[in-house]
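Visitor: Below, each chain spelled out in residue letters.
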Amino acid sequence: AQSVTQPDIHITVSEGASLELRCNYSYGATPYLFWYVQSPGQGLQLLLKYFSGDTLVQGIKGFEAEFKRSQSSFNLRKPSVHWSDAAEYFCAVGATGFQKLVFGTGTRLLVSP
Amino acid sequence: EPEVTQTPSHQVTQMGQEVILRCVPISNHLYFYWYRQILGQKVEFLVSFYNNEISEKSEIFDDQFSVERPDGSNFTLKIRSTKLEDSAMYFCASSEGVGGTQPQHFGDGTRLSIL
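First to last, the protein sequences are chains P and D. Anchor point for the first sequence: position 65 equals 67 in this note's numbering, and the numbering is continuous, going up by one each time. Anchor point for the second sequence: position 98 equals 99 in this note's numbering, and the numbering is continuous, going up by one each time.
The hints are simulated quantities; they were obtained by calculation from the structure and are not laboratory data. Because the structure is a prediction, the values reported are computed rather than measured. Glycine included, every Cβ here is placed at the ideal spot set by N, Cα and C. Any given hint could turn out to be false.
[Unchecked claim] Computed Cβ-Cβ distance ranges for the label pairs, DEER-style:
(1) Pro-42/P <-> Pro-3/D: 22 to 32 Å
(2) Trp-85/P <-> Gly-73/D: 40 to 50 Å
(3) Thr-77/D <-> Gly-43/P: 21 to 31 Å
[What the hints assert, rightly or not] Sample of chain P residues with no beta-carbon within 10 Å of chain D, all distances over it, derived:
(4) Ser-20
(5) Gln-60
(6) Glu-66
(7) Ser-82
(8) Gly-106
(9) Gly-108
(10) Pro-115
In isolation and in its complexed conformation, chain D is listed as follows (with noise of 0.2 Å):
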């Protein structure tokens, strides 16, 4: 079965340095999603992704964070600037048809530590 794969798995950086997550959505796919775990807490969408710019942002997702589709594979999230409070677990998504009405395929997600 498809799925989509993150990369790293855990990253670990510096408060104030740069960070840049890593997904391959599956492949036919259309929507590309970006959530993130704070530990304990609920999953909370941060941005959505649809030919090739943002369709919806939540009010988490400020200038320090930006999202890209280089090639005709990967979806990255960027981080600039990073700060304590960015670390948790985010997870990429991808769906078929617009995210709100249809089903959304996780990654195993990236565990982003700030010291």
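Looking at chain P on its own, in the form it has when it is part of the complex (with noise of 0.2 Å):
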């Protein structure tokens, strides 16, 4: 069964500084990794999404992340950080023959001034 770890509950970043969210997975086959964000009271919105190809995909606001197989990880960064990107972070994984998606606990991302 496929399972996500975000090692860091809090991350406090200022304004300007860049960002990197851990994300760890466990999948014994090719995951489909996805980074959702969800501001207070609202939805869950769609960052960005690896299916396959190249390990280095990009979102929407600014957002990459990196697939590393080896370390089974898919790393969230930005270059610089927004006070508006204040808001709680997951990382989640899906897989071909499952049709649910199994999210990791979150990340809180602060941004001091």
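Make the complex out of the two chains shown on their own, each in a separate frame, by following the hints.
Guide: What follows is the structure in structure tokens.
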């Protein structure tokens, strides 16, 4: 079965600084990987997805993520964080033959002035 | 951009009562899902629905729960005889293709509070 670990519960970053949120997955075959963002009181918005091919994927709002099979990781990055990026970020994994997405516990991003 | 819409945004119900949560998926999507998020916990899969039948469900989705697509646009989650532990945010999602391999698009959720 698939599983996802997001080791950081909270991260605080200064506005304008770079960001990296960690995600590790566990799945025996090729995973389908997603990052979602949840602002307070809102639903989950898809930031980006990885299915195959180029291991560096670009998403919305200036985010990117890199798939590293050897490390079972799919870390989310942004070169310069804006105050509006403060939210909770969820990594999720899907797989062929399954309908569901399995989510990590989330990382809450705080942006300091 | 098309979006998934959910109603109501907040539902307060007495324990033991039945509740129906409603969702309008994106119009050209074929796969529909319900997830829940208990406060402070991760988002958990409940059920997926395709071609008018359940295609996958979790161990959480027991006989207390049911889903239905009563017409061409709505997708509902019914919880019979609600319990305190059913208090959570319930998210509806939809996708064009099979959910494990396609992006799922989520609504803003219904916060269910059981008293």
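Visitor: It remains to establish, for every hint, whether it holds in the given structure.
Guide: Consistency of the hints with the structure:
1. Pro-42/P <-> Pro-3/D: 22 to 32 Å: holds, 23 Å
2. Trp-85/P <-> Gly-73/D: 40 to 50 Å: holds, 42 Å
3. Thr-77/D <-> Gly-43/P: 21 to 31 Å: holds, 22 Å
4. Ser-20: holds, 26 Å
5. Gln-60: holds, 14 Å
6. Glu-66: holds, 16 Å
7. Ser-82: holds, 25 Å
8. Gly-106: violated, 7 Å
9. Gly-108: Non-interface label fails for Gly-108/P: nearest chain D Cβ at 7 Å, not farther than 10 Å.
10. Pro-115: holds, 27 Å
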